[in-house]
Amino acid sequence: MQSLVSFKKVIVVSGNFPILTGLDFETGPGEVVLVKGRNGAGKTSFLRAVAGLLRITKGSALVLGVDLISNPADARHRVGLLGHETFLYEDLTAKENVTFVLKATRSNISKVDAALSAVGLTGRLSDLRVSSMSAGQRKKVALAALLAREPELWLLDEPHAALDSWTREVLDTAINSSVANGATVLLVSHEPLHGSLMPTRVVELAGGKVITDTRDIKPVVAEKVPL
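For the record, in the sequence shown the residue sitting at position 115 is 117 according to our numbering, with numbers rising by one throughout.
Hints are not guaranteed to be accurate.
FRET-style restraints, in silico, Cβ to Cβ [as the list claims (entries may be wrong)]: (1) Ala-137 x Ala-116: 18 to 26 Å; (2) Tyr-91 x Gly-125: 38 to 46 Å; (3) Ala-137 x His-79: 21 to 29 Å; (4) Glu-160 x Ser-5: 35 to 43 Å; (5) Thr-59 x Asp-215: 18 to 26 Å; (6) Gly-125 x Asp-93: 38 to 46 Å; (7) Gly-138 x Gly-30: 30 to 38 Å; (8) Arg-108 x Gly-209: 34 to 42 Å.
Computed list of lysine to aspartate or glutamate pairs in EDC-like fashion (alpha-carbon distance at most 20 Å, straight line) [unchecked claim]: (9) Lys-38 x Glu-193; (10) Lys-113 x Asp-129; (11) Lys-105 x Asp-115; (12) Lys-38 x Glu-152; (13) Lys-10 x Asp-93; (14) Lys-60 x Glu-28; (15) Lys-105 x Glu-160; (16) Lys-11 x Glu-92; (17) Lys-60 x Asp-115; (18) Lys-97 x Asp-69; (19) Lys-113 x Asp-69.
Don't read these hints as lab results, they were simulated from the structure. Here a beta-carbon is modelled for each residue, glycine too, at the ideal position from N, C-alpha and C.
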């Protein structure tokens, strides 16, 4: 199996405190991996490490064939992260923010309008500055950027938070479509998953490492939904 993520004995230290403590994890294409654990287990730190946002202190870490120790910036350009922080520019509009993200990640900008429309940000909303937006609208902008990029690896940290039920279903449908076409999703959620989105695998973290890994969950099957 081709590995999209391969972590072996990964240690990440923040200050003097180890937040990942010898974590082992591997995943290939076409999986929806639900990452569970109590608060402080290392779930968000794990996603941020996979995204290349945290320095790997020790161990082996490959993401999409990129060595995170020697070249984390390349990994950051190739994965899609949707988390608590939207990383949007306050003075830019929704459309400008999505366009900026696509240019920064060397992605095709032709799908900006379709992605914004998919999350309900059309007309004047697409031209509204982020500084004037609600938390839910900001999350939609970040989601639109993710949809337009169509990354091979999706990293989702509480992705349904601040989204209305309609946009949640848009996200779930997009996840299933991408997974059916070979993408992989790492998903942290305290909410029970329901509707069309179901994990194919559940991993539980505690103390900064994987303690259980359940794989006997049926895979997601869906057709690609074009933007």
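A quick look at each hint next to the structure:
1. The hinted range of 18 to 26 Å is satisfied by Ala-137 and Ala-116, whose Cβ atoms lie roughly 24 Å apart.
2. Judged by the Cβ atoms, the range 38 to 46 Å given for Tyr-91 and Gly-125 is violated: they are separated by roughly 21 Å.
3. The beta-carbon spacing between Ala-137 and His-79, approximately 27 Å, falls within the hinted interval of 21 to 29 Å.
4. At about 26 Å, the CB distance of Glu-160 to Ser-5 disagrees with the hint of 35 to 43 Å.
5. The beta-carbon spacing between Thr-59 and Asp-215, approximately 23 Å, falls within the hinted interval of 18 to 26 Å.
6. Take Gly-125 and Asp-93: their Cβ atoms lie about 20 Å apart, and the range 38 to 46 Å is violated.
7. Separation of Gly-138 from Gly-30 is about 34 Å and conforms to the stated range, judged on CB atoms against 30 to 38 Å.
8. One distance hint, 34 to 42 Å for the beta-carbon pair Arg-108 and Gly-209, holds here, with the actual separation near 37 Å.
9. Note on Lys-38 and Glu-193: the hinted pairing holds, with a Cα-Cα distance of about 10 Å set against a maximum of 20 Å.
10. For the suggested pair Lys-113 and Asp-129, the alpha carbons sit about 16 Å apart, so the restraint of at most 20 Å is met.
11. Proposed proximity of Lys-105 and Asp-115 is supported: the alpha carbons are some 14 Å apart, at most 20 Å.
12. Annotation: proposed proximity of Lys-38 to Glu-152 is violated, straight-line Cα distance about 25 Å (limit 20 Å).
13. Among the hinted pairs, Lys-10 with Asp-93 is inconsistent with the structure: their alpha-carbon atoms are about 41 Å apart, more than 20 Å.
14. At roughly 17 Å between alpha-carbon atoms, Lys-60 and Glu-28 fall within 20 Å of each other, so this suggested pair holds.
15. Using a Cα cut-off of 20 Å, the hinted pair Lys-105 and Glu-160 is violated, with the two alpha carbons roughly 26 Å apart.
16. With a CA separation close to 39 Å, the supplied pair Lys-11 and Glu-92 exceeds the 20 Å bound.
17. Simply put, Lys-60 and Asp-115 have alpha-carbon atoms about 42 Å apart, too far for the 20 Å limit, and the pair is violated.
18. Restraint check: the Cα-Cα separation between Lys-97 and Asp-69 comes to about 32 Å, which exceeds 20 Å; the hinted pair is violated.
19. For the suggested pair Lys-113 and Asp-69, the alpha carbons sit about 29 Å apart, so the restraint of at most 20 Å is broken.
The structure does not agree with the numbered hints 2, 4, 6, 12, 13, 15, 16, 17, 18 and 19 stated previously, though it agrees with the rest.
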